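Peer 1: Take the sequences, apply the hints, and build the full model.
The primary structure of each chain is shown beneath.
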Amino acid sequence: MATAEDRRALGGPPRGWLRFSWLGLVGFVLVLVLLAVALVQARQFALLRHAVQVGDDYVVPMVFQAEIEQLRLRDQWQRAADERLPLDADALRLRYEIWISRVELLDGGNARRLIDGQDGHLPTLQQLRDFIAAADRALGPTPTAPLDRDFVRALLPQLEALTAPMHELSLGAAHKVSEQLMQRGITVREQNQLGLGLTLFLSVLTLAFAYIALRQVRQLRERRLVLEELATKLRLARREAEAASDAKSAFLANMSHEIRTPFHGLMGMLSLLRETGLTPRQVDYLRTATESADHLLALLNDILDMSQLESGRVALTQAPVDLRGLLRDVEALMRPQANAKPLALHIDADPAVPDRILADATRLKQIIFNLLSNAIKFTDRGAVVLDVRTREGLGGEPELVFAVSDTGIGMDEATQAQLFNRFVQGDSTRSRRHGGTGLGLEISRNLARLMRGDITVRSKPGEGSCFTFHLPLQVPPPAAAPLAAAKAAAPASRPLQVLVAEDHPVNRQYMAALLENLGHGAHFTTNGEEAVEALRRRRFDVVLMDLHMPVLDGVGATRAIRALPDAERSTVPIVALTADAFAETRDRCLVAGMNDFLTKPVNLERLAASLRRLFGTEAPAAEAAVAMALQAMSREKLAAMVEAFLEQAPETVQRLRAAVRDAQPLALRTNAHAAKGAALNLGLAGLAATAEALHEGAAHLPAHEVARLVQRYEDLVPATRAALQSLGVLRPQLQTQSQPAVTG
Amino acid sequence: MHDFGFDGRGAGAQRRDWLRLGGALVLAAALPAHALQPPTGPVVLTVGGRVRMPNEGGNAQFDMTMLEALPQTSFTTRTPWYTQARRFTGPLLRDVLSAAGAQGTLIRLTALNDYRVDMPFDDAQRHDVIVARLLDDKPMAVRDKGPLFVIYPFDSRPELRGAVYYSRSAWQLRKIDVL
Numbered sequence: 000m001a002t003a004e005d006r007r008a009l010g011g012p013p014r015g016w017l018r019f020s021w022l023g024l025v026g027f028v029l030v031l032v033l034l035a036v037a038l039v040q041a042r043q044f045a046l047l048r049h050a051v052q053v054g055d056d057y058v059v060p061m062v063f064q065a066e067i068e069q070l071r072l073r074d075q076w077q078r079a080a081d082e083r084l085p086l087d088a089d090a091l092r093l094r095y096e097i098w099i100s101r102v103e104l105l106d107g108g109n110a111r112r113l114i115d116g117q118d119g120h121l122p123t124l125q126q127l128r129d130f131i132a133a134a135d136r137a138l139g140p141t142p143t144a145p146l147d148r149d150f151v152r153a154l155l156p157q158l159e160a161l162t163a164p165m166h167e168l169s170l171g172a173a174h175k176v177s178e179q180l181m182q183r184g185i186t187v188r189e190q191n192q193l194g195l196g197l198t199l200f201l202s203v204l205t206l207a208f209a210y211i212a213l214r215q216v217r218q219l220r221e222r223r224l225v226l227e228e229l230a231t232k233l234r235l236a237r238r239e240a241e242a243a244s245d246a247k248s249a250f251l252a253n254m255s256h257e258i259r260t261p262f263h264g265l266m267g268m269l270s271l272l273r274e275t276g277l278t279p280r281q282v283d284y285l286r287t288a289t290e291s292a293d294h295l296l297a298l299l300n301d302i303l304d305m306s307q308l309e310s311g312r313v314a315l316t317q318a319p320v321d322l323r324g325l326l327r328d329v330e331a332l333m334r335p336q337a338n339a340k341p342l343a344l345h346i347d348a349d350p351a352v353p354d355r356i357l358a359d360a361t362r363l364k365q366i367i368f369n370l371l372s373n374a375i376k377f378t379d380r381g382a383v384v385l386d387v388r389t390r391e392g393l394g395g396e397p398e399l400v401f402a403v404s405d406t407g408i409g410m411d412e413a414t415q416a417q418l419f420n421r422f423v424q425g426d427s428t429r430s431r432r433h434g435g436t437g438l439g440l441e442i443s444r445n446l447a448r449l450m451r452g453d454i455t456v457r458s459k460p461g462e463g464s465c466f467t468f469h470l471p472l473q474v475p476p477p478a479a480a481p482l483a484a485a486k487a488a489a490p491a492s493r494p495l496q497v498l499v500a501e502d503h504p505v506n507r508q509y510m511a512a513l514l515e516n517l518g519h520g521a522h523f524t525t526n527g528e529e530a531v532e533a534l535r536r537r538r539f540d541v542v543l544m545d546l547h548m549p550v551l552d553g554v555g556a557t558r559a560i561r562a563l564p565d566a567e568r569s570t571v572p573i574v575a576l577t578a579d580a581f582a583e584t585r586d587r588c589l590v591a592g593m594n595d596f597l598t599k600p601v602n603l604e605r606l607a608a609s610l611r612r613l614f615g616t617e618a619p620a621a622e623a624a625v626a627m628a629l630q631a632m633s634r635e636k637l638a639a640m641v642e643a644f645l646e647q648a649p650e651t652v653q654r655l656r657a658a659v660r661d662a663q664p665l666a667l668r669t670n671a672h673a674a675k676g677a678a679l680n681l682g683l684a685g686l687a688a689t690a691e692a693l694h695e696g697a698a699h700l701p702a703h704e705v706a707r708l709v710q711r712y713e714d715l716v717p718a719t720r721a722a723l724q725s726l727g728v729l730r731p732q733l734q735t736q737s738q739p740a741v742t743g
Numbered sequence: 000m001h002d003f004g005f006d007g008r009g010a011g012a013q014r015r016d017w018l019r020l021g022g023a024l025v026l027a028a029a030l031p032a033h034a035l036q037p038p039t040g041p042v043v044l045t046v047g048g049r050v051r052m053p054n055e056g057g058n059a060q061f062d063m064t065m066l067e068a069l070p071q072t073s074f075t076t077r078t079p080w081y082t083q084a085r086r087f088t089g090p091l092l093r094d095v096l097s098a099a100g101a102q103g104t105l106i107r108l109t110a111l112n113d114y115r116v117d118m119p120f121d122d123a124q125r126h127d128v129i130v131a132r133l134l135d136d137k138p139m140a141v142r143d144k145g146p147l148f149v150i151y152p153f154d155s156r157p158e159l160r161g162a163v164y165y166s167r168s169a170w171q172l173r174k175i176d177v178l
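Residue numbers (numbering that gives the first Met the number 0), protein chains in the order written: chain A, 0 to 743; chain B, 0 to 178.
These aren't lab readings, by the way, just hints derived from the structure by calculation. Any given hint might turn out to be false.
Cβ-to-Cβ under 8 angstroms is the rule here; a few derived chain A residues that face chain B [to be verified]: (1) E68; (2) L70; (3) E96; (4) I97; (5) I99; (6) S100; (7) E103; (8) L104; (9) P140.
Taking CB as the label site, the calculated pair distances span [stated by the list, open to error]: (10) A:A45 x B:A84: 20 to 26 angstroms; (11) A:A45 x B:R51: 45 to 51 angstroms; (12) B:A68 x A:Q43: 47 to 53 angstroms; (13) A:L180 x B:A84: 22 to 28 angstroms.
What you are looking at is a predicted structure, and each value in this text was computed from that prediction instead of being measured. Note that CB positions come from ideal geometry on N, CA and C, so glycine has one too.
Peer 2: See the structure below:
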């Protein structure tokens with residue numbers, strides 16, 4: 000939960016805005032200062048550039064040179080005026096020319112700018128021009144007067160008079176340039192100072208910027224810490240919530256099976272009560288009681304299913320399923336419900352739908368039951384139709400589709416939207432009339448999704464509904480032929496001595512009734528320790544072991560039995576009895592060394608089937624299966640094939656033993672599968688069933704159980720031969736070759 | 000052609016022949032394709048010092064005709080001496096130096112008024128420095144800073160616009176000493 004403190008730490012809008020405005024301001028000023036620095040530098044650059052271009056610095060030596068030339072010319076001129084020396088006209092002319100070239104510079108160009116403004120520079124320049132004009136008369140390019148000593152002497156004073164002003168000019172220029180240099184120096188210094196100030200300011204700003212950024216980083220870190228703390232709290236809260244939910248689920252599962260334990264005793268007693276010669280009135284009461292009990296059991300089963308689905312403890316077991324057989328079963332169960340109303344029930348499978356599919360038959364049946372019973376429940380007249388077909392799914396893979404449509408009351412869209420939610424039924428007033436937990440559709444949809452399918456609904460009020468359940472179509476490999484379904488409870492081949500370990504007196508009574516019904520002898524103990532003690536004293540054929548018992552529970556008792564010194568007693572088959580149907584429980588039992596697992600409530604058929612599995616009461620050769628094989632081939636041919644198969648049996652047994660010894664479940668499966676297929680085709684039901692059990696159990700059954708199955712397979716070979724001889728397929732061994740074939 | 004076969008002379012005579020031939024080749028390589036002719040008109044420029052092709056004593060002397068005969072270069076540039084940009088024409092300094100067979104690290108320029116300035120020998124190679132003899136296509140009198148004016152192409156490179164290069168631009172050029 001976000002407290003006020005959290006919200007503050009997370010940064011409300013005004014605070015964040017303020018921070019960003021500060022950052023923006025500092026950034027803006029930084030940019031401005033940088034611009035100013037750039038401007039100062041640009042100005043300095045321009046100043047230097049200007050100084051260089053103008054070349055003022057160079058003017059000083061220029062003026063200085065002019066003054067020197069002035070002095071040189073004066074010397075030359077004085078020498079020329081000297082009567083004692085010869086007049087060197089060429090030297091004078093050259094000196095004069097050079098002088099002109101120098102002083103001309105003073106009268107133009109950059110020098111002029113420096114000289115301008117000096118006091119008396121204009122008269123000086125005029126004096127220069129006057130002298131040149133006079134001298135050019137004899138020394139110029141076009142002389143008009145002769146260059147003689149008179150000419151020279153006449154102009155000498157004028158030349159000498161130039162010396163002082165020229166010197167003034169030279170000094171003036173030098174001073175001017177010095178001033179300029181100083182001025183420039185001042186400007187540069189000022190700009191440098193400005194630059195320095197700006198740099199200092201820049202440093203301060205950068206520090207401020209860094210400070211703000213640092214503070215922000217720290218705040219972000221604090222915020223992150225708060226968020227992390229919050230996340231941790233949330234995680235903890237979620238874990239607690241999940242734990243609470245798990246605890247509730249576990250409680251629900253526990254309660255439902257705790258309720259089921261006494262309840263199945265109740266149901267067992269009710270069913271036994273029916274056999275006690277009741278008056279019609281009592282029978283009617285009993286029927287009502289049984290119906291209520293059935294409903295209550297259905298509710299408990301739904302709740303258990305739901306809690307298991309929620310905790311992800313439902314595992315589907317894929318196996319080949321005879322789809323049309325399954326549909327027949329469904330129809331047989333549903334028809335009475337439909338017939339109770341004026342309601343037609345049609346179950347229609349498209350011819351393209353394969354006979355055999357790979358699925359979890361129990362769960363598949365559960366979904367179809369649920370959809371059909373819903374449809375029947377909410378339809379008062381008309382028809383309920385289950386249409387089974389295949390189609391291509393969205394991914395292009397084949398899908399199996401079960402569409403259940405009815406002519407019932409239908410639903411509006413709001414109801415449809417809530418339909419798959421827990422405890423929601425189409426109509427609360429109706430639901431009271433129709434009963435049900437409201438979990439059915441949710442369970443069905445969860446199961447469908449577990450099968451990578453789904454359930455959808457299409458409906459309009461008053462026009463009926465159509466529920467469509469689809470799942471990916473999986474077809475088992477063709478070699479795996481269907482097993483003959485277990486037939487109804489048949490009496491055991493011999494009476495067994497059964498030890499029952501069960502703490503609940505009602506359940507003990509119920510088990511006693513069941514075992515008596517099957518013709519077996521029952522002996523009871525009330526906990527695991529007593530059971531182990533009983534086995535020490537005498538031998539039993541089989542132990543039925545409740546898992547939850549005081550003193551020593553079923554698993555512990557099994558371990559103790561398996562550890563008994565007597566080999567015969569320590570290998571006694573043990574069947575677990577438990578109200579909880581979790582796969583983990585089953586695994587725990589098998590790992591502890593149990594041979595089978597029965598979920599309470601145990602009924603007669605399932606108990607018989609389990610004992611049959613353990614004691615091989617399956618007929619070695621089913622008459623019907625042999626008859627079917629004889630339709631496909633002549634008796635002689637069948638006889639030859641059976642003979643060949645039975646001759647190979649020892650080799651098969653050897654291979655199976657090798658696979659068990661080397662712990663090669665795959666090899667075991669492959670060999671068992673081959674044996675099963677062949678035995679089935681030849682109608683050898685006993686061998687086929689044993690091979691099937693090996694094939695199915697290769698991966699998960701404990702090793703002792705697998706070894707026992709292999710032993711049984713070996714034992715069945717002579718029994719099968721005898722059975723086929725009695726059926727007339729095989730002749731007594733010595734006569735097989737000489738007897739003529741007889742077709743049947 | 001020289002015969003490599005046995006010609007009846009001794010081995011010593013043969014070796015002497017080889018030496019003679021080698022010496023001639025070295026001389027030929029050292030001499031330029033056209034040896035510097037002696038000046039016919041008044042000498043306007045004397046290149047002295049380390050010159051390999053002197054034509055008068057140890058110096059290479061040029062009259063105006065000889066400078067005209069070298070390849071001419073013209074450019075217009077601004078200078079501190081004129082308010083306007085002016086056009087200068089004359090041979091490249093490096094051509095004048097190589098015509099004299101000059102080889103050194105420094106050249107000393109001397110003007111008519113004995114103005115002296117030193118210029119790195121390399122300047123003449125790196126920059127198109129000319130020995131201008133025409134200003135705006137007209138010969139220069141001494142009063143016009145002629146007859147020869149060493150001038151850098153100031154406007155072609157900004158770094159040339161400085162006092163150092165201005166001072167190296169000697170006008171009224173009289174003599175070049177190669178050091």
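Peer 1: Each of the hints needs a verdict: does it hold here or not?
Peer 2: Against the structure, the hints:
With 8 angstroms as the threshold, the beta carbon of E68 (chain A) comes within range of chain B, its nearest partner Cβ sitting at about 6 angstroms, so the hint holds. At about 12 angstroms, the closest approach between the beta carbon of L70 (chain A) and any beta carbon in chain B exceeds 8 angstroms, and the interface hint on this residue is violated. Here the hint on E96 (chain A) is kept, as its CB sits about 4 angstroms from the closest CB of chain B, short of 8 angstroms. For I97 (chain A), the interface hint holds, since its Cβ comes within 8 angstroms of a Cβ in chain B; the closest pair sits about 5 angstroms apart.
Taking 8 angstroms as the C-beta cut-off, the interface hint given for I99 (chain A) holds, the closest approach to chain B being about 4 angstroms. For S100 (chain A), the interface hint holds, since its Cβ comes within 8 angstroms of a Cβ in chain B; the closest pair sits about 5 angstroms apart. At about 7 angstroms, the closest approach between the beta carbon of E103 (chain A) and any beta carbon in chain B falls short of 8 angstroms, and the interface hint on this residue holds. With a least beta-carbon distance of about 6 angstroms to chain B, the hint placing L104 (chain A) at the interface is held under the 8 angstroms criterion.
Proximity of P140 (chain A) to chain B holds as hinted, the smallest CB-CB distance being about 7 angstroms (cut-off 8 angstroms). Look at A45 (chain A) against A84 (chain B): about 21 angstroms separates their beta carbons, and that is inside 20 to 26 angstroms. The beta-carbon spacing between A45 (chain A) and R51 (chain B), approximately 48 angstroms, falls within the hinted interval of 45 to 51 angstroms. Checked against the given bound of 47 to 53 angstroms, the beta carbons of A68 (chain B) and Q43 (chain A), roughly 49 angstroms apart, stay inside it.
Between L180 (chain A) and A84 (chain B), the C-beta spacing of about 27 angstroms keeps the proposed range 22 to 28 angstroms intact.
Checked against the numbered hints given earlier, the structure breaks only hint 2 and satisfies all the rest.
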